[in-house]
Amino acid sequence: MDASGRVVRYNQHEQRLSRRPAASVLGRHFFREVAPCTALTDLVPAFERYAAGGGELAVDLRFQFPFPHLPAPRDVRLRLRGFASGEQRLAFLMVEDITEEVQAQRLRELLATLVAHDMKNPLTAIRLNVDLVLRE
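The numbers in the sequence shown follow the working numbering, run straight up by one, and end at 133.
Think of the hints as simulated: they come from the structure by calculation, not from any bench.
Treat the hints with care, since some could be wrong.
If you anchor each label on the Cβ, the simulated ranges turn out as follows [stated by the list, open to error]:
id: 1; residue 1: Ala55; residue 2: Val127; range: 28 to 34 angstroms
id: 2; residue 1: Val130; residue 2: His66; range: 22 to 28 angstroms
id: 3; residue 1: His66; residue 2: Leu107; range: 28 to 34 angstroms
id: 4; residue 1: Ala113; residue 2: Asn8; range: 42 to 48 angstroms
id: 5; residue 1: His66; residue 2: Gly24; range: 17 to 23 angstroms
id: 6; residue 1: Thr96; residue 2: Ala55; range: 21 to 27 angstroms
id: 7; residue 1: Leu37; residue 2: Leu131; range: 51 to 57 angstroms
id: 8; residue 1: Leu108; residue 2: Ser1; range: 46 to 52 angstroms
id: 9; residue 1: Val127; residue 2: Arg16; range: 47 to 53 angstroms
Idealized CB from N, CA, C, for every residue including glycine.
Build the full structure now, drawing on both the sequences and the hints.
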């Protein structure tokens, strides 16, 4: 993005993730036209401070992103970084889909809870294992 928030580059990874061709995004204001849902995060104020000449830009956050082509929002990790190109202040936003990572973490936590419960009450685990053996 340039200092005004307009998209100046849009890579193929982002095109695949969003299912939007570069032509539909380039030149448009990212926070207002491309992904207005991000306006509810810390990205906009941090970007505006940076664009106005205020220091470094480094924002990392997790966010549920409602991609228009998907039935439910996806968990994404957003990383916004500022950099200079000559006299121009630019920003780079990386969007990483971490939905499967988040789901795996939830399953690990559920499994840990179930194992802890079974360790407290081993008869439940024994009964379940006997039921499984009897079914076979």
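Evaluated hints:
{"no.": "1", "hint": "Ala55 / Val127: 28 to 34 angstroms", "in the structure": "violated, 56 angstroms"}
{"no.": "2", "hint": "Val130 / His66: 22 to 28 angstroms", "in the structure": "violated, 46 angstroms"}
{"no.": "3", "hint": "His66 / Leu107: 28 to 34 angstroms", "in the structure": "holds, 29 angstroms"}
{"no.": "4", "hint": "Ala113 / Asn8: 42 to 48 angstroms", "in the structure": "holds, 44 angstroms"}
{"no.": "5", "hint": "His66 / Gly24: 17 to 23 angstroms", "in the structure": "holds, 22 angstroms"}
{"no.": "6", "hint": "Thr96 / Ala55: 21 to 27 angstroms", "in the structure": "holds, 24 angstroms"}
{"no.": "7", "hint": "Leu37 / Leu131: 51 to 57 angstroms", "in the structure": "holds, 53 angstroms"}
{"no.": "8", "hint": "Leu108 / Ser1: 46 to 52 angstroms", "in the structure": "holds, 48 angstroms"}
{"no.": "9", "hint": "Val127 / Arg16: 47 to 53 angstroms", "in the structure": "holds, 50 angstroms"}
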